[in-house]
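Peer 1: Once you've looked at the hints, dock chain H against the given chain W.
Protein chains: 2
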Amino acid sequence: MHSEAAAARPRIVIIGCGFGGLEAARAMRHADVDITVVDRTNHHLFQPLLYQVATAGLSAPAIAAPVRHLFRKQSNVTTLLGEVVDIDAARRVVRLKDDGALPYDHLIVAAGATHSYFGRDDWAPFAPGLKTLDDAFGIRRKVLLAFETAEKETDPARRAAWLTFVVIGGGPTGVEMAGTLAEIARHTLPGEFRRIDPAQAKVLLLEGSPRVLQSMPEDLSDRARRLLEKLGVEVRTGARVTAIDAHGLEVRPGQGEAYRIESRCIVWAAGVAASPLGRQVAQATGATLDRAGRVQVQPDLSLPGHPEISVVGDLAAASSHVPGREPRPVPGVSPAAKQMGRLAASNILARIAGRPVANFRYRDYGNLATIGRNAGVVDLTTPFGHLKFSGYPAWLFWLFAHIWFLIGFRNRIVVLFDWAAAYWSHQRYARVVTDIEPVTSDG
Amino acid sequence: MHSEAAAARPRIVIIGCGFGGLEAARAMRHADVDITVVDRTNHHLFQPLLYQVATAGLSAPAIAAPVRHLFRKQSNVTTLLGEVVDIDAARRVVRLKDDGALPYDHLIVAAGATHSYFGRDDWAPFAPGLKTLDDAFGIRRKVLLAFETAEKETDPARRAAWLTFVVIGGGPTGVEMAGTLAEIARHTLPGEFRRIDPAQAKVLLLEGSPRVLQSMPEDLSDRARRLLEKLGVEVRTGARVTAIDAHGLEVRPGQGEAYRIESRCIVWAAGVAASPLGRQVAQATGATLDRAGRVQVQPDLSLPGHPEISVVGDLAAASSHVPGREPRPVPGVSPAAKQMGRLAASNILARIAGRPVANFRYRDYGNLATIGRNAGVVDLTTPFGHLKFSGYPAWLFWLFAHIWFLIGFRNRIVVLFDWAAAYWSHQRYARVVTDIEPVTSDG
Numbered sequence: 014m015h016s017e018a019a020a021a022r023p024r025i026v027i028i029g030c031g032f033g034g035l036e037a038a039r040a041m042r043h044a045d046v047d048i049t050v051v052d053r054t055n056h057h058l059f060q061p062l063l064y065q066v067a068t069a070g071l072s073a074p075a076i077a078a079p080v081r082h083l084f085r086k087q088s089n090v091t092t093l094l095g096e097v098v099d100i101d102a103a104r105r106v107v108r109l110k111d112d113g114a115l116p117y118d119h120l121i122v123a124a125g126a127t128h129s130y131f132g133r134d135d136w137a138p139f140a141p142g143l144k145t146l147d148d149a150f151g152i153r154r155k156v157l158l159a160f161e162t163a164e165k166e167t168d169p170a171r172r173a174a175w176l177t178f179v180v181i182g183g184g185p186t187g188v189e190m191a192g193t194l195a196e197i198a199r200h201t202l203p204g205e206f207r208r209i210d211p212a213q214a215k216v217l218l219l220e221g222s223p224r225v226l227q228s229m230p231e232d233l234s235d236r237a238r239r240l241l242e243k244l245g246v247e248v249r250t251g252a253r254v255t256a257i258d259a260h261g262l263e264v265r266p267g268q269g270e271a272y273r274i275e276s277r278c279i280v281w282a283a284g285v286a287a288s289p290l291g292r293q294v295a296q297a298t299g300a301t302l303d304r305a306g307r308v309q310v311q312p313d314l315s316l317p318g319h320p321e322i323s324v325v326g327d328l329a330a331a332s333s334h335v336p337g338r339e340p341r342p343v344p345g346v347s348p349a350a351k352q353m354g355r356l357a358a359s360n361i362l363a364r365i366a367g368r369p370v371a372n373f374r375y376r377d378y379g380n381l382a383t384i385g386r387n388a389g390v391v392d393l394t395t396p397f398g399h400l401k402f403s404g405y406p407a408w409l410f411w412l413f414a415h416i417w418f419l420i421g422f423r424n425r426i427v428v429l430f431d432w433a434a435a436y437w438s439h440q441r442y443a444r445v446v447t448d449i450e451p452v453t454s455d456g
Numbered sequence: 014m015h016s017e018a019a020a021a022r023p024r025i026v027i028i029g030c031g032f033g034g035l036e037a038a039r040a041m042r043h044a045d046v047d048i049t050v051v052d053r054t055n056h057h058l059f060q061p062l063l064y065q066v067a068t069a070g071l072s073a074p075a076i077a078a079p080v081r082h083l084f085r086k087q088s089n090v091t092t093l094l095g096e097v098v099d100i101d102a103a104r105r106v107v108r109l110k111d112d113g114a115l116p117y118d119h120l121i122v123a124a125g126a127t128h129s130y131f132g133r134d135d136w137a138p139f140a141p142g143l144k145t146l147d148d149a150f151g152i153r154r155k156v157l158l159a160f161e162t163a164e165k166e167t168d169p170a171r172r173a174a175w176l177t178f179v180v181i182g183g184g185p186t187g188v189e190m191a192g193t194l195a196e197i198a199r200h201t202l203p204g205e206f207r208r209i210d211p212a213q214a215k216v217l218l219l220e221g222s223p224r225v226l227q228s229m230p231e232d233l234s235d236r237a238r239r240l241l242e243k244l245g246v247e248v249r250t251g252a253r254v255t256a257i258d259a260h261g262l263e264v265r266p267g268q269g270e271a272y273r274i275e276s277r278c279i280v281w282a283a284g285v286a287a288s289p290l291g292r293q294v295a296q297a298t299g300a301t302l303d304r305a306g307r308v309q310v311q312p313d314l315s316l317p318g319h320p321e322i323s324v325v326g327d328l329a330a331a332s333s334h335v336p337g338r339e340p341r342p343v344p345g346v347s348p349a350a351k352q353m354g355r356l357a358a359s360n361i362l363a364r365i366a367g368r369p370v371a372n373f374r375y376r377d378y379g380n381l382a383t384i385g386r387n388a389g390v391v392d393l394t395t396p397f398g399h400l401k402f403s404g405y406p407a408w409l410f411w412l413f414a415h416i417w418f419l420i421g422f423r424n425r426i427v428v429l430f431d432w433a434a435a436y437w438s439h440q441r442y443a444r445v446v447t448d449i450e451p452v453t454s455d456g
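Chains W and H, in that order, are what the protein sequence lines are. Under our numbering, the first residue of the first sequence is numbered 14, with each subsequent residue one higher. Under our numbering, the first residue of the second sequence is numbered 14, with each subsequent residue one higher.
Just chain W, same shape as in the assembly (with noise of 0.2 Å):
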């Protein structure tokens, strides 16, 4: 009788388990359906925080929840740990590394964005981006060897070498990135260094276009850089790179000769392109991809003729439909992907009940970022025009902002407390860096 009643029940299959799809995934959970999520990983990763643990605030456990535990109390919902290679459009089947296959009868992808070096991935190696847990131990380890190399060095063109970091690319990520690096020279590690000051270390964030964090008003952009450069970040704009090797990499100023600047440690945070599985969508659908590889949705974030496949997130390449205007693209962040994760979830459960289905409308919010400890600009978008601050207040609304959003309660509170020490001490308590591989002066 369980079985039977099982058997007809609408098979929905969700691929990936970012913020887009934990959400549709929880829109659901009132609905007598079936539903599997796959994901590569078996956690849900907070990606807003993620430069936290790359910079040794956070341990990873604080920012990511096991998948099936955030789903052990909706019991429609089947993890599935495991890799998709293929999406079979014709069987609707979603085939599985391991030769496991799901069959679904709705399908939603929703499987995220990697980091793009626009057609060098050869950088890849010198210059880590982030985008993973394992990315953010990459960094970790790399940040916090630099400084040991440095007191080992005797050589002094080596160890400042060492002792520079550089951010590419200024958005979000590198702003927070790069002021937390300068925080970390001037204010966690200080004392700890008997041959080196690393309170001389060089923060560079270089940025290709004329100013920082873009997706701004100007005013803020241009607060945001005085804020960094108090931190002592040196912020270079219009500078663009133009090659990186192991001892460091090459800029091309907006104005005068191409330079080297000699650094160990380069972080990306410059480019994003979709996940490859766009292509698989696209090929299996006939869907059309845009030039970072996101896959075209109609306004309902299905796919053309596939009405049964939706694509969400940062794998979408999304307009928002208000009546009466002109569509607009939407932007490939958090808020964005959770929206249409629901709206994706709704659609479906109408095409099953034989209601009409809505087209996707973004509620912009805002923005907002942080610039080391004790400073932010935070741009709100309400219905009566943009509220705009900066400075410690708007360091204060990040903070809330990102734990009130953190999955699960434990997570919020173990990230509070960490904040809270790690405010009053200056420490910052991951610093642990494991599996060492020999560090020389030439490697």
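Don't read these hints as lab results, they were simulated from the structure. Wrong hints could be hidden among the right ones.
When chains are identical, the list treats them as one kind, so a pair holds in a single copy or across two.
[Unchecked claim] Derived DSS-like pairs (lysine-lysine); straight-line CA-CA distance at most 30 Å:
# : residue 1 : residue 2
1 : K155      : K243
2 : K215      : K86
3 : K165      : K155
4 : K215      : K144
5 : K243      : K86
6 : K144      : K155
Peer 2: Just chain H now, kept in the frame of chain W:
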């Protein structure tokens, strides 16, 4: 002026910053000496709680503190991250892997121990041991992915193999691992899976000798066994492992035929061997090694003919000397390492000052182990004899003893908080797996 004074100060090098090395450096905090602490990792690890990281109960930063942070206020200590490859006792120089050299006037070797497969190193990939954070991450990955794979597996025999967990070795680590694994299967995971029942998982503890916790009195061993069995652990004593491969292991019981256990998750908690650095020490000084590779030290912990070199902790084959009694071998436990570190330091200061050195006397405060949630066994050595208790009071005692001895105030609070949360929720929050390799039914 400053540099002249510095040049005249005795140079003390400490290899390894486990319990022995850390205590030695701390014991010299008021001395007018130049101490260099060199360690292969950047953190001091609180090893007694490592099994909690391996079983997803604690995050790594909760039990690992950056070495240089621990010494930030001890201005006579320089911390170096590096691997010692050679000790030149004639020239009194320690050589590092990256060509660095540390001249010394006094040397303390506190390089600790690693796990030993009793000559069967080919077993290592199938039955990882637990000594470093990377070991703990590896075991955590193995345990959590076993449940994930079982959820996907359709063949009943293979599914059963994924749900069979074997811990080899019935010492404190083995007992704690087995108890916690049973707890995870029975209390943490049920409700989160849809196809398997994690509570059906089998947890086996194999011990070659006739009883678990050999260092404890016999009645406490019996009590521990009963507590383990109550948790659902199958305890097999007198069971010798004769083969291990990727799919299981072969066991020869005290009586009867050898048999095979199919298991995809085997943990090695059976053997300990001294650090390979012991051989360097022996070669450099002519000291002798015991069967476990430990360096035979004199009663004052120095080496024959080399009063300027001391060996402490798990790397030392030391005896406890009480006037009028026979010398007794010192066990490889953390209180012994700490006591040795303190004596080696005070003997160095005595030699510098021309005072007589003291012999090592081990103060045994007893033994304790925890068995899952709520249960433990304690054997305290008091001036009036042994004080033995078990069950809930023993667990509480264990808990507070471990938190008390955790290095660093902040860690204590974090660990206490994590445990309180885990206790009330039955949850284990550090269930994060990164670096997931393809898990297939046969791999």
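Peer 1: Could you run down the list of hints and mark each one as holding or not?
Peer 2: Hints, one by one, checked against the model:
Proximity of K155 to K243 under the C-alpha cut-off of 30 Å is restricted to the intra-copy arrangement: shortest distance 25 Å within a copy versus 46 Å between copies. Taking identical chains as interchangeable, the C-alpha atoms of K215 and K86 lie at most 30 Å apart only when they sit on different chains, with a minimum of 25 Å there against 49 Å within one chain. In this homomeric assembly, K165 and K155 come within 30 Å of each other (Cα to Cα) only inside a single copy, at 15 Å, whereas the closest approach across copies is 36 Å. In the homo-oligomer, the alpha carbons of K215 and K144 lie at most 30 Å apart inside one protomer (24 Å), although the nearest pairing across protomers, at 37 Å, exceeds that limit.
Taking the closest pair of Cα atoms, K243 and K86 come within 30 Å of each other only across two copies (28 Å); inside a single copy the shortest separation is 48 Å, beyond that limit. Within a single copy, K144 and K155 get their C-alpha atoms as close as 16 Å, and across copies as close as 23 Å, so both meet the 30 Å cut-off.
Hint compliance for this structure: no hint is broken.
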